[in-house]
Amino acid sequence: MAAETASPTRAPVAWLSGLVRRTAFAVRASLSRRDGRATLGIVGGVYFVLYSVGLGHLGRRSGSAVRRRAGGGSTPLVDLFVASDPLATATRRVAPFQYEPIALASAGPVEYLFAPVNAAIGVGLALLVGVTLAVSVVAWRGPSACRIGAGAGAVAGVPGLVSGFVCCGPTILLVIGVQASAGLLAALQWFLPLAVASLLVTLLWVGSRVDPEAVRQTGDPTK
Amino acid sequence: MERTRRSTIGSLAALGAAGLAGCLDEGIVGSVGERDGEGDAAEGDGSAEGDAPGEGRGPPTADGSRHLAYDLDALLEESLSGGVGQDGIPSIDDPAFAPIGETSLVADAPVFGVVRGGEAKAYPQHVLVHHEIVNDTVGGDRVAVTYCPLTGTAQGFERGETTFGVSGRLVNSNLIMYDRATESWWPQMLATAIDGPMRGETLREFRVVWTTVGEWRAAHPDSRILTDDTGYVRRYENDPYGLYAPLGGYYASEGTLFPALSDPEEGHPKSVVIGARTAGGAVAFDKETLLAERVLSGTLRPSGEAAVAVADPALSTAYVYLNPEGAAVEPDGDGYRVEGNDAGGAVGSEGGVDADDLSLERVLAFDAMWFAWAGFHPDTGFAGEHTGAGYGR
Numbered sequence: 001m002a003a004e005t006a007s008p009t010r011a012p013v014a015w016l017s018g019l020v021r022r023t024a025f026a027v028r029a030s031l032s033r034r035d036g037r038a039t040l041g042i043v044g045g046v047y048f049v050l051y052s053v054g055l056g057h058l059g060r061r062s063g064s065a066v067r068r069r070a071g072g073g074s075t076p077l078v079d080l081f082v083a084s085d086p087l088a089t090a091t092r093r094v095a096p097f098q099y100e101p102i103a104l105a106s107a108g109p110v111e112y113l114f115a116p117v118n119a120a121i122g123v124g125l126a127l128l129v130g131v132t133l134a135v136s137v138v139a140w141r142g143p144s145a146c147r148i149g150a151g152a153g154a155v156a157g158v159p160g161l162v163s164g165f166v167c168c169g170p171t172i173l174l175v176i177g178v179q180a181s182a183g184l185l186a187a188l189q190w191f192l193p194l195a196v197a198s199l200l201v202t203l204l205w206v207g208s209r210v211d212p213e214a215v216r217q218t219g220d221p222t223k
Numbered sequence: 001m002e003r004t005r006r007s008t009i010g011s012l013a014a015l016g017a018a019g020l021a022g023c024l025d026e027g028i029v030g031s032v033g034e035r036d037g038e039g040d041a042a043e044g045d046g047s048a049e050g051d052a053p054g055e056g057r058g059p060p061t062a063d064g065s066r067h068l069a070y071d072l073d074a075l076l077e078e079s080l081s082g083g084v085g086q087d088g089i090p091s092i093d094d095p096a097f098a099p100i101g102e103t104s105l106v107a108d109a110p111v112f113g114v115v116r117g118g119e120a121k122a123y124p125q126h127v128l129v130h131h132e133i134v135n136d137t138v139g140g141d142r143v144a145v146t147y148c149p150l151t152g153t154a155q156g157f158e159r160g161e162t163t164f165g166v167s168g169r170l171v172n173s174n175l176i177m178y179d180r181a182t183e184s185w186w187p188q189m190l191a192t193a194i195d196g197p198m199r200g201e202t203l204r205e206f207r208v209v210w211t212t213v214g215e216w217r218a219a220h221p222d223s224r225i226l227t228d229d230t231g232y233v234r235r236y237e238n239d240p241y242g243l244y245a246p247l248g249g250y251y252a253s254e255g256t257l258f259p260a261l262s263d264p265e266e267g268h269p270k271s272v273v274i275g276a277r278t279a280g281g282a283v284a285f286d287k288e289t290l291l292a293e294r295v296l297s298g299t300l301r302p303s304g305e306a307a308v309a310v311a312d313p314a315l316s317t318a319y320v321y322l323n324p325e326g327a328a329v330e331p332d333g334d335g336y337r338v339e340g341n342d343a344g345g346a347v348g349s350e351g352g353v354d355a356d357d358l359s360l361e362r363v364l365a366f367d368a369m370w371f372a373w374a375g376f377h378p379d380t381g382f383a384g385e386h387t388g389a390g391y392g393r
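As you go down the protein sequences, you meet chains G and B in turn.
In terms of this note's numbering, the first sequence is residues 1 to 223.
In terms of this note's numbering, the second sequence is residues 1 to 393.
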């Protein structure tokens, strides 16, 4: 791997811009490969689903079985509720990093509450986790000198995932059997920004560890 | 957001072409006359006139107070954020109702029933678990019907010109409401403000019956029922905490999400009691025991006042009366007979008087999870056998 030319202490701006440039190279190089794109798609998709489930926005329909189906149980295959004033509703804050849903879409046994701001946060987190893992995977499959832990991105994404579960209740504590305290609840509010920060740091670290040239030269074994 | 529209799309293939045209899930219907008050005005010291409601003023208050085992500062100190901000759980301020005969809910779905001024209304638990407060008008009175899922308590309060909202804070796992006129904090179970300009004041309460759709419909066929056309988009068929029919999740487990003010030495934390309190004390009757035995005697603590509770099997609920003379109360057909006092109250179908109409002084009572009642009232009297989690049936 090529050494960084700028020193983080003597020329921090140059060092940081070099790091970002290098990471951008690594991301582009990784996503130019099929295994990189596949990692981004799969990991990002799974992460978004888990985040939505954690928020309580995605789940099984009729979970509480309170409603008897008229006409012997015929349920519409697809159903859609939409708020009458979606724009005003979408920006209404419910809790830290949680916003009001504007639509409920049901398809078969699954229903999804669409809260645009939370969907955007989920997509952003999913992209960060997916890209970090894509670069990690490509690097891991590359030259041995560049091998890094492929789990780095996943670990960095954990706080974001947990933050998704921090919803009204917060019911995640019910699942894991931990009783809430004022301190724990205050800490949970910082999980999402912590997740973003740790994901960015991890991505830059992973990027700095990858030599784009080496990745290009190695080529995509799946091609 | 004021209203929700529903579009139903018949198939996946039609999804792209589907618009938002549709109809309300269940329409708003006109009010339905019913028998009066059900004795709510007679229910305890909460009905006494205190401050009159007025524009820009807080909710009307009762002259009497409720027994508090902790002082207001201690309660305030023990309050904590429930994880959401003020109004993060939005109250329903423009409720829509449908005739109960048209509801698609299963018969054993829990509802909270109110009869007031000749009008009967039912508020489904699966809707209130997402909103906790409905600011409504029943029988011409401005009221708030409130539900805290973590303590299993459904209670009614007069609200005057103002409305109540969810503060986002809890004490002893119990919802702390705030009134939008003075922003005072009102823990639901205590009905007493612990902070704000109305600190120390007590709300006027009325009886809310925890029952089921089927039982309420049979008792009040002209009742209307709150629909999920709340103006908000929620997964109304998904209870984030658990299930009541069949019982599961938080409602069945021994654990609580938040620390209680005190823990009872025995009894399942989520077993259900019918609790009643006066200015001097509190008493809890195990609901399952009471429904089985129909009559239980108890004592409010620390005041030492004698009380008797009688079950109403038709609604699977119970009523609590002060019984200072120790009068014997016995089942008589579907109703009850008070020894040496066969006057007073409506005559039941088989000769006794109805459970809510005994000729004794009634005390406001409501269902609560045992841990929550004992947490607020560690000195409470208790009657019956401790039973398992559930809702007393």
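Hints may contain errors.
[To be verified] Computed footprint of chain G on chain B, listed as stretches where at least three residues anywhere in the stretch have a Cβ under 8 Å from a Cβ of chain G:
{"id": "1", "segment": "96–106"}
{"id": "2", "segment": "232–238"}
{"id": "3", "segment": "254–267"}
{"id": "4", "segment": "320–332"}
[Said to hold, decoys possible] Label-pair ranges, simulated between beta-carbon atoms:
{"id": "5", "chain 1": "B", "residue 1": "161", "chain 2": "G", "residue 2": "110", "range": "49 to 57 Å"}
{"id": "6", "chain 1": "B", "residue 1": "117", "chain 2": "G", "residue 2": "110", "range": "41 to 49 Å"}
{"id": "7", "chain 1": "G", "residue 1": "181", "chain 2": "B", "residue 2": "118", "range": "44 to 52 Å"}
{"id": "8", "chain 1": "G", "residue 1": "190", "chain 2": "B", "residue 2": "324", "range": "34 to 42 Å"}
{"id": "9", "chain 1": "G", "residue 1": "108", "chain 2": "B", "residue 2": "386", "range": "55 to 63 Å"}
{"id": "10", "chain 1": "B", "residue 1": "64", "chain 2": "G", "residue 2": "88", "range": "41 to 49 Å"}
{"id": "11", "chain 1": "B", "residue 1": "379", "chain 2": "G", "residue 2": "110", "range": "26 to 34 Å"}
{"id": "12", "chain 1": "G", "residue 1": "88", "chain 2": "B", "residue 2": "104", "range": "27 to 35 Å"}
{"id": "13", "chain 1": "G", "residue 1": "110", "chain 2": "B", "residue 2": "218", "range": "34 to 42 Å"}
{"id": "14", "chain 1": "G", "residue 1": "108", "chain 2": "B", "residue 2": "219", "range": "32 to 40 Å"}
{"id": "15", "chain 1": "G", "residue 1": "107", "chain 2": "B", "residue 2": "218", "range": "35 to 43 Å"}
{"id": "16", "chain 1": "B", "residue 1": "386", "chain 2": "G", "residue 2": "107", "range": "41 to 49 Å"}
Calculated directly from the structure, the hints in this document are not laboratory data.
Ideal Cβ placement from N, Cα and C applies to all residues, glycine included.
| So which of the earlier hints does this model not fit? | 4, 5, 8, 9, 11
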